[in-house]
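Chains A and B, in that order, give the protein sequences.
Residue numbers 1119 to 1599, in my numbering, belong to the letters of the first sequence in order.
Residue numbers 8 to 289, in my numbering, belong to the letters of the second sequence in order.
Simulated coverage check for chain B against chain A, where a stretch passes if three residues somewhere in it have a Cβ under 8 angstroms from a Cβ of chain A:
#	stretch
1	47-56
2	93-103
As a list, the in silico BS3-like pairs of lysine-lysine whose alpha-carbon atoms are at most 27 angstroms apart:
#	chain 1	residue 1	chain 2	residue 2
3	B	263	A	1483
4	A	1535	B	240
5	A	1529	B	253
6	B	240	A	1529
7	A	1535	A	1552
8	B	263	A	1409
9	B	263	A	1408
10	B	253	B	132
11	A	1538	B	240
12	B	149	B	124
13	A	1287	A	1316
14	A	1344	B	240
15	B	257	A	1408
16	B	257	A	1409
Computed list of chain B residues with no C-beta within reach of chain A, every gap over 12 angstroms:
#	residue
17	14
18	166
19	201
20	212
No wet-lab data here; the hints were simulated from the structure.
Quick reminder that beta carbons are idealized off the backbone N, C-alpha and C, glycines included.
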Amino acid sequence: MELTAKERMAIERHGMAEQPPDLRNRNFEEVPYGYTPEEAVAEAQRCLSCKKMPCVSGCPVEVPIPEFIALVAEKKFAEAARVIKTKNVLPAVCGRVCPQETQCEGVCVRGKKDIKEAVAVGNLERFVADYERENNLAEVPEIKNKNGLKVAVIGSGPSGLTVAGDLIKLGYEVTIYEAFHRGGGVLVYGIPEFRLPKKIVESEISALEDLGVKIYYNSVIGRLHKVDDLFNVLGFNAVYIGVGAGLPIFLNIPGNNFNGVFSANEYLTRSNLMKSYLFPQYRTPMIIGKKVAVLGGGNVAMDSARTAIRLGAEKVTIVYRRAREQMPARAAEAHHAEEEKIEFRLLSSPVEIFGNDEGWVTGMKCQRYELGEPDESGRQRPVPIEDSFFEFDCDQVLVSIGGEANPLITKTTPDMKTNKWGYIETDDWGRTSKKLVYAGGDIVTGAATVISAMGAGRMAAKAIHEDLMKESDETVTPDWW
Amino acid sequence: MYELVEKSEVFNVHEMVIDAPEIAHSIEAGQFVIVMGSENSERIPLTVSDWNTDTGTITLYVLETGMSTLELARMKVGDSLYAVTGPLGSPSEIRDYGTVVLGGGCYGIGAIYPIAKACREAGNKVISIIEARYSFMFYHEKELHAACDQVLYATSDGSKGKKGKVEDVITEMLEKGVKIDQAFFIGCTQMLERCSEATRPYNIPTKVALNSIMLDGTGMCGACRVSVGGETKFACVDGPEFDGHKVDWKELDQRKSAYTEQETVVYQSYSHGGEVPKVGSA
Ligand SMILES: Cc1cc2nc3c(=O)[nH]c(=O)nc-3n(C[C@H](O)[C@H](O)[C@H](O)COP(=O)(O)OP(=O)(O)OC[C@H]3O[C@@H](n4cnc5c(N)ncnc54)[C@H](O)[C@@H]3O)c2cc1C
Ligand SMILES: Cc1cc2nc3c(=O)[nH]c(=O)nc-3n(C[C@H](O)[C@H](O)[C@H](O)COP(=O)(O)OP(=O)(O)OC[C@H]3O[C@@H](n4cnc5c(N)ncnc54)[C@H](O)[C@@H]3O)c2cc1C
Ligand code: SF4
Ligand code: SF4
Ligand code: FES
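Bound-form chain A, shown alone (with noise of 0.2 angstroms):
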């Protein structure tokens, strides 16, 4: 049954069902509970198949977004996840993390008046990821010969997840180094399960394994085998780098090394890949804040403020510099973040971290900002307000405020060439200075996106497999290329 334009637009947008916010602030499993098949439908139909597919070119890496759309509301959900994945390996990932408000949602027609009333681009491919992954509906790729070329990827991130698959899809021998004891990168050790169940990047990992990639876990590469290693001694032909941002900076305030003052890396990683919520089952402690202070506006900060609640703070407030509408959190993080009561300090940044003689954190000394001219962001500037200060008591502070690149591979790579701030420099495909090495994601960019790093992957390795190639003179591109 085909619905005209004007009953698609009379179909309101479906919000997910969710945990209520005074149970979740308790447990740490999953918020929404995801779409019934018959809401998934009823979301598609609401799609108008936009001829210049503006949601298409606002997503990074080009999902085809009305063609899965259309799959889903003829109940064709398989195929559905069929046509994301030839863009989109991680799908259940995306459709939860991506901020969706600034990508494909952003610009879908459906949302110019109001925002709120985009297609759930992200809710839906959640959902036929979900679907597919539930009913064993994957398809095992069928893997070309192999072209005897062998390939290492170090790190497990998102990013170097991506070239993998791509790759060993394409018969090259791909091997993972992963400094930690799990794969995923942040998806595992950053971002909270109850914002991504971790049996999702488990199961996306373990099919990269059934497909042949190796993956060598507890493997610091910098330190164990350095990347000329890689080739001179354990004979790979090509290298890529996707280690992450990985180095947390701390405010240059005083008080910084009380005991109770945390990066958002360390207090995530205790609770999310230590499981330290599960103490002394899983042996890695954890103090327990009563009232927490955390520092920033962005996810990491929200995952910081709500695992905080869920460990049992009476009181978690986030200070952040600018005000409530430049977060650059994920839309929906922020406003759960709220319904948990998690207190907005805005246009509010620390100048001391107070502690006591035995060296733990009481509290902290900020001072009020206000909003000034526009920056080369076109953000306006937040400006410190003179005299306004302002103290109030914390026995934990999580600083949440960004992170720099960490120097262990590129200290020890000195011939590849990294920018002032210590990220690698690479050309659009990924490509770095050095030969046949090639870098993507947080280590290139920055802080960014998963699906950006993911983006990133799926370019080098299409690098990749044209420099190698041009060495060899069969050149195949298969079709899902």
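Go by the hints and put chain B with the ligands onto chain A.
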């Protein structure tokens, strides 16, 4: 991988020889590994005290102090560790200094050994001073003797060598006018601090291997941060060795005690044969 191939015990220090060929090939003196006994374990840093590229093994000396080290102590030959990550940390700076003194206590007795060997190979005269409460607590002595020009002892009860600690032996040497060009110390924080104070008046360049709390060991989390000369450093990548005359000892001690309360409860119930209490939420 990571199979425990040999194990022995001297008092409560456990020698663990582990199959880890890639690490054995790339490790250098002064570096450490981060291990997890089981999938649920904490990640704890341990210095690699010896290695053998022929057998593809590394040797750790584990001092039992809490739950994680107890779990390792209970492992048997043939068991495998869940994870061994390394080498981590910057290697010791090995040069021809002249005369090098190495001081070790508890696990440091084992941990100074590779530095002693490397310093000797670099042409130094190497003197090791090791301390323990009683003479029967020393270990790895034969190898240490072979690697050093001289090995001196200090015991709390005077049962072997000088009655006292490493710093007492050093002070005596310095008072006698022995020329020391470089000192390295490995052991508990108190020992590192006392030894650094002993060399300070004589301006002897002093490196101490700090043992702050660590998590990833790659510079990603900042758990291991220490103040050295007024600057924040990450012990896992900038160290673990730092100038002993510049370390903020009080801060290090406080940061190391952050989890004592939780760790003690669990250790006590576990070490007495009890089940690990269920106190976690979720
Ligand atoms: C808490 C948090 C929340 C976030 N939320 C969102 C969100 O909602 N939406 C979104 O789009 N983005 C989000 N991001 C950002 C996003 O996760 C990252 O941009 C993305 O993961 C980058 O991918 P990557 O592959 O470049 O690196 P990473 O995911 O950082 O993975 C790098 C991997 O390399 C490994 N590694 C590092 N050094 C070495 C080495 N020397 N040898 C071997 N392995 C090494 C690391 O252990 C890690 O596993 C969030 C980030 C954080 C921290
Ligand atoms: C770079 C580095 C290298 C290290 N090398 C070794 C090594 O070769 N062998 C070894 O046995 N240990 C070594 N350590 C220390 C070791 O990591 C800790 O002893 C271990 O993490 C303790 O874990 P646990 O759960 O058993 O004890 P916890 O429960 O964490 O600690 C129990 C109690 O012991 C105290 N404690 C912790 N560490 C020490 C310590 N080093 N000395 C004295 N008291 C301590 C704690 O404050 C606590 O009160 C090293 C540490 C670092 C950072
Ligand atoms: S990958 Fe992200 S941006 Fe692209 S369509 Fe999916 S949710 Fe939207
Ligand atoms: S812009 Fe919106 S309505 Fe138009 S095709 Fe894309 S998702 Fe559908
Ligand atoms: S242990 Fe995480 S930065 Fe050193």
